[in-house]
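Hints given; two lone chains; assemble the complex.
Letter by letter, the chains look like this.
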Amino acid sequence: KQEVTQIPAALSVPEGENLVLNCSFTDSAIYNLQWFRQDPGKGLTSLLLIQSSQREQTSGRLNASLDKSSGRSTLYIAASQPGDSATYLCAVNDYKLSFGAGTTVTVRA
Amino acid sequence: SAVISQKPSRDICQRGTSLTIQCQVDSQVTMMFWYRQQPGQSLTLIATANQGSEATYESGFVIDKFPISRPNLTFSTLTVSNMSPEDSSIYLCSAKQGANTGELFFGEGSRLTVL
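Protein chains in written order, with the numbering used here: chain A, 1 to 109; chain B, 1001 to 1115.
Simulated from the structure, these hints should not be mistaken for lab results.
Bear in mind that the values here come from a model prediction, so they are computed numbers and not experimental data.
Where is the CB? At the ideal position from N, CA and C, for every residue including glycine.
Careful, some of the hints might be misleading.
Taking lysine-lysine and the DSS-like style, the derived pairs with C-alpha atoms no more than 25 Å apart in a straight line are [stated by the list, open to error]:
no., chain 1, residue 1, chain 2, residue 2
1, B, Lys1065, A, Lys96
2, B, Lys1096, A, Lys1
3, A, Lys68, A, Lys96
4, B, Lys1096, A, Lys96
If you only want the chain A side, here are some residues facing chain B, beta carbon under 10 Å, derived [as the list claims (entries may be wrong)]:
no., residue
5, Val4
6, Phe36
7, Gly41
8, Gly43
9, Ser46
10, Leu49
11, Leu89
12, Gly102
Listed next, the stretches of chain B that the computed footprint assigns to chain A, with coverage defined by at least 3 CB atoms under 8 Å from CB atoms of chain A [stated by the list, open to error]:
no., region
13, 1033–1043
14, 1103–1114
Just chain B, same shape as in the assembly (with noise of 0.2 Å):
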C-alpha cells in the first residue's frame, strides 16, 4: 500500500488569492489523481498528473484555474488559483501503484474555505 502525506490539512482563504496544495506519497507510483469533493457531495476527479508532463483534465476543469505539476514519482502539486466562495471544497490527491487495475489510495484530504 502507499501513504499519502497532503499539505495543508486545511486553510481559510481570501477571495481572488491562490493556494499550492501538495501531495507526498512514500513510495513511487505510476497514476497520481486530484478529486473534489464539494459539502456534502461525493468525489469529482480534476485531473490526472502526468509525471513529467501537463496533467490531463477531465471535462468542466481548466489548466488555468487548477494547476498541476508531478515533477517524479511521488510527489504532486495542485493550484487553486483566482478562488472564489464555490472553490469551498476537499482537495483530495489520490494514488495508484501498477497497472490500472491497482488499487486507489488516498491521502487526508485539504479542506479549503474561501471567504
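In isolation and in its complexed conformation, chain A is listed as follows (with noise of 0.2 Å):
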C-alpha cells in the first residue's frame, strides 16, 4: 500500500522568503504526482502534475520535482506571498491517488 509523508505538517515564513515543501512515497512505481492548494473549507486546486517520466515542473513562482527513485517530491514557491497561505497536498497516483496529510502554510506579512 502507498504510504505518502509531508514534512513539515506546518511552516510559518515571512513574506519574501523562499518556501520548500516535501513529500515522500514508498512505492515508485507511480504514473505521476499531483500538488494541490487547499483553502480552509475549500475544494482542492490543481497546481502541478509532474508525470513519471518527467523530472521537475514549473508554473510561474512554483517549481516541483520528483526523484520517482528515491519516492521524493518537493515543492518549491518563490518569493512567497501572504496569498500563498494555504495548506500545500501531494498526491501518488499508481492508478489510486494517495494523498499525503499536507503542509500547513502561513507566510506573514
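Written as C-alpha cells, this is what we have:
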C-alpha cells in the first residue's frame, strides 16, 4: 500500500522568503504526482502535475521536482506572499491517488 | 481543464437522515471519484463512480451507506445514508480526463455537519 508523507506539517515564514515543501512516497511505481493547494473549508486546486518520466515542472513562481527512484518530490515557491498561505497537498498516482496529510503554510506580512 | 460544480456547498443535517450531493462537470470525463475529508485530516477515497454501472468502493466504504450514481460522463451523485455525527466531513467530487495519467480536478466540496 502506498504511503505518502509530507514534512513539515506546518511552516511559517516572512513574506519574500522561498518555501520548500517535501513529499515522500514508499512505492516508486507511479504514473505521476500532483501538487494541490487547499484553502480552509474549500476544495483542492491543482498546481502542478509531474508525470513519472519527468524530473520537474514549473508554473510561475512554483517549481516541483520529482525523484521517482528515491520516492521524493519537492515543491518550491519563490518569493512567498501572504496569498500563498494555504495547505499544500501532494498526491501520488499509482492507479489510485494517495494523498499526504499536507503542509500548512503561513506567510507573514 | 475541467470545472466541477457541487451542491449543496454545505448543509446541516439531523441524525438518521440521508443527503444526496450532486456533482456536475462542464465537459465529458473518463473517471469520477468521491473523496471524504474529515476535520483536520487528509483525503480518503470513498469510491470510483463508474458510468452506467455500480461504483467501485474502497475498503471501509459500502454501497448501503454511500450509494453512488453516474448516469452519464458529466454527472454523479453521492448519497450519505442514515447519517451520524461521525459523517460530518467535507465530501469532494473529482474527475479526470483522458487516461489514468491525466490531471485530477476537484469541486469545491460539500461540507456536511450532522447533529
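Taking the hints in turn, this is what the structure says about them:
no. : hint                   : in the structure
1   : B:Lys1065 with A:Lys96 : 22 Å, holds
2   : B:Lys1096 with A:Lys1  : 22 Å, holds
3   : A:Lys68 with A:Lys96   : 17 Å, holds
4   : B:Lys1096 with A:Lys96 : 12 Å, holds
5   : Val4                   : 8 Å, holds
6   : Phe36                  : 8 Å, holds
7   : Gly41                  : 6 Å, holds
8   : Gly43                  : 4 Å, holds
9   : Ser46                  : 6 Å, holds
10  : Leu49                  : 5 Å, holds
11  : Leu89                  : 7 Å, holds
12  : Gly102                 : 6 Å, holds
13  : 1033–1043              : holds (count 4)
14  : 1103–1114              : holds (count 8)
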